[in-house]
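2 protein chains.
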Amino acid sequence: MTRIKVLGAGVSRNSQEMADGRTIRYYDTQSQIRSAIDERPHESQPSIGELRLDSLLNEWIALASHRQSRTFLPPKELCPLCPTSKSGLSEIPDADYEVVVFDNRFPSLRPPEDVWSLPETRGPETPKAPAAGVCEVVCFTPHHGQSFAELTPRQVRTVLEAWRDRTAELSSLDFVRQVFPFENRGEEIGVTLMHPHGQIYAYSYLPPKTEKMMLAATRYFKNTGRILFDEIVAREIRDEVRIIAQNEHWIAFVPFAARYPFEIHVAPLSPVADLTELSMQACDSFPEMALEVLQRLDGVFGIPMAYIAAWHQAPVREGRDLLRLHWQITSVRRAPGKLKYLAGSESAMGAFIMDMLPEQSAGQLREVVLNK
Amino acid sequence: MTRIKVLGAGVSRNSQEMADGRTIRYYDTQSQIRSAIDERPHESQPSIGELRLDSLLNEWIALASHRQSRTFLPPKELCPLCPTSKSGLSEIPDADYEVVVFDNRFPSLRPPEDVWSLPETRGPETPKAPAAGVCEVVCFTPHHGQSFAELTPRQVRTVLEAWRDRTAELSSLDFVRQVFPFENRGEEIGVTLMHPHGQIYAYSYLPPKTEKMMLAATRYFKNTGRILFDEIVAREIRDEVRIIAQNEHWIAFVPFAARYPFEIHVAPLSPVADLTELSMQACDSFPEMALEVLQRLDGVFGIPMAYIAAWHQAPVREGRDLLRLHWQITSVRRAPGKLKYLAGSESAMGAFIMDMLPEQSAGQLREVVLNK
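If you read the sequences in order, they're chains Y and S. Be aware that the first sequence starts at 1, since it is given in my numbering, and climbs by one per residue. Be aware that the second sequence starts at 1, since it is given in my numbering, and climbs by one per residue.
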């Protein structure tokens with residue numbers, strides 16, 4: 001059974017059930033009807049993992065011990081993210097697609113089967129809980145050898161519509177507290193499938209970074225009556241030296257206190273809490289900005305850069321007036337052949353040491369000549 | 001000029017000035033006099049870096065832009081951590097040593113030249129500050145090809161005495177807030193010098209992890225009147241399944257909510273705030289425990305494991321009754337040929353996903369047969 005929904009920017013969504021009961025959603029620009037059937041044998045779903053409290057730091061850790069068997073750098077002809085073809089049945093039943101989002105086959109977090117609530121944290125006595133949440137995979141393009149930076153503006157616009165749709169739908173689940181779309185790119189950071197794709201994690205708990213951002217924003221608001229992130233953007237605009245790209249609706253800058261050799265924050269100039277709140281104008285001008293930023297990143301050393309591109313959004317039901325949507329892109333590459341590793345100070349103490357001035361990396365990113 | 005100090009366990013310390021004004025300290029067990037002169041040409045010291053506040057998370061970042069030029073995987077005959085010999089003048093002027101600690105040639109943090117205080121954090125308006133602190137290098141052995149796990153118990157005892165001495169002395173500096181001895185081991189985590197060595201960072205600010213541990217311990221104490229870390233150890237002793245080694249004065253366990261495929265916490269059974277407070281009995285039984293733990297780690301896959309070994313201590317002047325000394329060893333190796341990478345969820349959100357149950361890795365560590 002195919003269910004169709006019409007979204008913004010002329011994008012329609014076909015949802016279908018996969019052989020093992022998971023859902024796949026096709027995001028299309030030509031109002032296609034998607035009816036290809038998943039011909040693979042039925043596979044039983046892994047059971048839900050567990051959440052354990054690290055009481056020393058008061059942080060939840062998700063344990064998903066079934067994931068060790070997940071697919072690891074398969075050859076191109078066995079890629080599970082390419083469309084299904086004569087060479088193999090993939091995760092995508094159809095012979096072609098534009099953008100798809102489907103439930104992860106090896107999810108770290110899963111929807112709970114019963115009524116679920118997060119235990120109150122209270123030290124080593126805190127009980128375990130099922131690792132509730134949702135993990136989805138987002139395929140940006142059917143073409144195996146492409147990268148996000150090589151998409152057309154139209155394709156990026158469709159990906160954005162898919163992210164917005166998933167944020168809206170996942171936010172409506174009562175066990176979901178935070179929705180996090182992201183992309184890991186590059187073998188250097190452990191990517192196990194080379195096909196251009198991202199992921200979405202919907203957490204049932206507040207991730208530590210979100211919690212810490214909320215704490216800082218709350219404190220700042222109490223002291224000044226102002227929104228912290230808006231003041232940070234205002235400061236970057238005043239300082240100017242770290243801005244690397246700007247259009248009518250978006251700004252991209254290397255933050256004043258960057259943690260990585262290349263770190264870029266991209267923010268809408270009209271601040272919003274999450275992707276669903278973006279205006280149509282902001283959405284329509286996002287592809288130009290996203291492509292410029294990623295092309296500048298790949299241009300710095302003339303090699304594809306490993307990066308993590310992370311959408312920070314306000315949590316679903318709290319801090320909506322205090323936290324702002326922004327896209328954070330970080331790369332561990334310091335130079336061709338040199339990576340920044342998180343060793344003792346960063347990993348064990350959380351204390352970041354940076355070898356490069358943010359003004360210097362902003363300069364390198366600005367100097368890249370783009371093929372427009 | 002050589003200055004000599006007598007420490008515990010028959011260890012004496014010779015301090016000497018290096019050619020560029022840095023200090024080197026020899027820790028010896030035979031009351032040697034060390035008088036070899038650093039024959040290298042004088043080299044000017046890099047200037048102090050800067051601390052910038054990442055106001056989004058309210059965390060200090062240390063910028064040390066001179067460090068990009070530091071020594072990167074030199075061949076054995078040019079190793080700066082071997083004793084000085086015919087093949088070259090190294091960081092250690094003498095032709096032999098047991099354990100040495102010297103000021104880092106490429107320090108991320110340096111003692112401030114003027115009166116110094118940490119600015120109050122107040123959002124994007126927070127001023128920069130000089131990156132005050134101290135960075136030292138600890139050489140565990142003169143033998144280039146050894147590892148910590150291959151030291152004799154006597155050598156480990158001398159290293160411990162050096163760590164204790166440095167903690168005491170660095171704690172007395174008015175700009176130092178936290179002393180952190182650690183070892184990064186393995187090229188996989190970015191180690192640039194293969195000679196067995198560790199480092200000591202003395203921070204002028206509270207590192208984010210220490211701050212978070214303090215928050216959790218304070219909250220727990222307010223709610224229960226008990227010390228969080230002591231309750232965590234009590235719980236591990238009760239549960240038993242994650243203990244991997246124990247003697248009269250120390251216990252080693254995989255924590256209930258481990259973040260890494262192999263993570264071991266080692267704690268004294270009589271809790272103390274930092275290394276200087278350990279009893280002589282606890283000090284004397286540490287080498288046996290340390291060697292067993294590191295040998296178990298190397299034994300799991302029969303290959304030298306990359307790891308970070310981090311001494312968490314109470315800060316110098318706060319939380320001394322709430323935080324406890326423990327040694328945290330983490331390894332990113334999941335299997336031979338497979339590493340755990342910190343990607344989107346861990347890096348951008350701080351939300352750790354673990355593929356392996358702590359009980360499982362504790363079992364693997366216990367099963368290792370040691371060559372005693």
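Hints in this document: simulated from the structure, not taken from any laboratory. Think of the CB as a built atom: it goes at the ideal place given N, C-alpha and C, for glycine as much as any other residue. It is possible that part of the hints are untrue.
Said to hold, decoys possible - Simulated coverage check for chain S against chain Y, where a stretch passes if three residues somewhere in it have a Cβ under 8 Å from a Cβ of chain Y:
| id | region |
| --- | --- |
| 1 | 93 to 99 |
| 2 | 243 to 249 |
| 3 | 273 to 285 |
To be verified - Below, simulated DSSO-like cross-link-like pairs (lysine-lysine); rule was C-alpha separation at most 27 Å, straight line:
| id | chain 1 | residue 1 | chain 2 | residue 2 |
| --- | --- | --- | --- | --- |
| 4 | S | LYS222 | S | LYS212 |
| 5 | Y | LYS338 | S | LYS76 |
| 6 | S | LYS86 | Y | LYS222 |
| 7 | Y | LYS222 | Y | LYS212 |
| 8 | Y | LYS209 | Y | LYS222 |
| 9 | S | LYS222 | S | LYS209 |
| 10 | Y | LYS222 | S | LYS338 |
| 11 | Y | LYS76 | Y | LYS86 |
| 12 | Y | LYS338 | S | LYS212 |
| 13 | Y | LYS212 | S | LYS222 |
| 14 | S | LYS212 | S | LYS128 |
| 15 | Y | LYS212 | S | LYS212 |
| 16 | Y | LYS128 | Y | LYS212 |
| 17 | S | LYS128 | S | LYS209 |
| 18 | S | LYS338 | Y | LYS76 |
| 19 | S | LYS76 | S | LYS86 |
| 20 | Y | LYS222 | S | LYS209 |
| 21 | Y | LYS209 | S | LYS76 |
| 22 | Y | LYS209 | S | LYS222 |
| 23 | Y | LYS209 | S | LYS212 |
| 24 | S | LYS222 | Y | LYS128 |
| 25 | S | LYS209 | Y | LYS212 |
| 26 | S | LYS76 | Y | LYS212 |
| 27 | Y | LYS222 | S | LYS222 |
| 28 | Y | LYS209 | Y | LYS128 |
So, going through the hints one by one against the coordinates:
Coverage of a stretch by a chain is defined here by at least three residues with a beta carbon nearer than 8 Å to that chain's beta carbons; for the region 93 to 99 of chain S and chain Y the count is 0, and the condition is violated. Restraint check on the region 243 to 249 of chain S versus chain Y: 0 residues with Cβ-Cβ distances below 8 Å, three needed, restraint violated. For the region 273 to 285 of chain S, the stated coverage by chain Y is not satisfied: 0 residues place a CB nearer than 8 Å to a CB of that chain, which falls below the threshold of 3. For a cut-off of 27 Å, the pair hint linking LYS222/S to LYS212/S stands: about 15 Å separates their Cα positions.
This hinted pair checks out: LYS338/Y and LYS76/S have alpha carbons roughly 20 Å apart, not beyond 27 Å. Under the criterion of a C-alpha separation no larger than 27 Å, the hint pairing LYS86/S with LYS222/Y is inconsistent with the structure, at around 65 Å. With a CA separation close to 15 Å, the supplied pair LYS222/Y and LYS212/Y stays within the 27 Å bound. Between LYS209/Y and LYS222/Y the alpha-carbon distance is near 20 Å, which keeps this suggested pair within the 27 Å criterion.
Straight-line distance between C-alpha atoms of LYS222/S and LYS209/S comes to about 20 Å, which keeps the hinted pair within the 27 Å bound. A distance of roughly 47 Å separates the Cα atoms of LYS222/Y and LYS338/S; the hinted pair therefore is violated under the 27 Å criterion. Simply put, LYS76/Y and LYS86/Y have alpha-carbon atoms about 13 Å apart, close enough for the 27 Å limit, and the pair holds. At roughly 31 Å between alpha-carbon atoms, LYS338/Y and LYS212/S are farther apart than 27 Å, so this suggested pair is violated.
Restraint check for LYS212/Y and LYS222/S: satisfied, since their Cα atoms lie roughly 21 Å apart, inside the 27 Å limit. Using a Cα cut-off of 27 Å, the hinted pair LYS212/S and LYS128/S holds, with the two alpha carbons roughly 23 Å apart. A distance of roughly 10 Å separates the Cα atoms of LYS212/Y and LYS212/S; the hinted pair therefore holds under the 27 Å criterion. A threshold of 27 Å between alpha carbons decides the hint, and for LYS128/Y with LYS212/Y the separation of about 23 Å falls inside it, so the pair holds.
Of the pairs offered as hints, the one joining LYS128/S and LYS209/S holds, with about 22 Å between alpha carbons and a cut-off of 27 Å not exceeded. Between the alpha carbons of LYS338/S and LYS76/Y the distance comes to roughly 20 Å, so the proposed pair stays at or under 27 Å and holds. Between the alpha carbons of LYS76/S and LYS86/S the distance comes to roughly 13 Å, so the proposed pair stays at or under 27 Å and holds. Restraint check for LYS222/Y and LYS209/S: the C-alpha separation of about 25 Å stays at or below 27 Å, so the hint holds.
With a CA separation close to 42 Å, the supplied pair LYS209/Y and LYS76/S exceeds the 27 Å bound. As the CA atoms of LYS209/Y and LYS222/S are separated by approximately 24 Å, the hinted pair is consistent with the 27 Å bound. Restraint check for LYS209/Y and LYS212/S: the C-alpha separation of about 12 Å stays at or below 27 Å, so the hint holds. With a CA separation close to 23 Å, the supplied pair LYS222/S and LYS128/Y stays within the 27 Å bound.
Restraint check for LYS209/S and LYS212/Y: the C-alpha separation of about 12 Å stays at or below 27 Å, so the hint holds. Distance hint between LYS76/S and LYS212/Y is unfulfilled; the C-alpha atoms sit about 44 Å from each other, more than 27 Å. For a cut-off of 27 Å, the pair hint linking LYS222/Y to LYS222/S stands: about 24 Å separates their Cα positions. Only pairs whose Cα atoms come within 27 Å are accepted, and LYS209/Y paired with LYS128/Y is accepted, the gap being roughly 22 Å.
In the structure shown, a violation is registered for the earlier hints numbered 1, 2, 3, 6, 10, 12, 21, 26, in ascending order.
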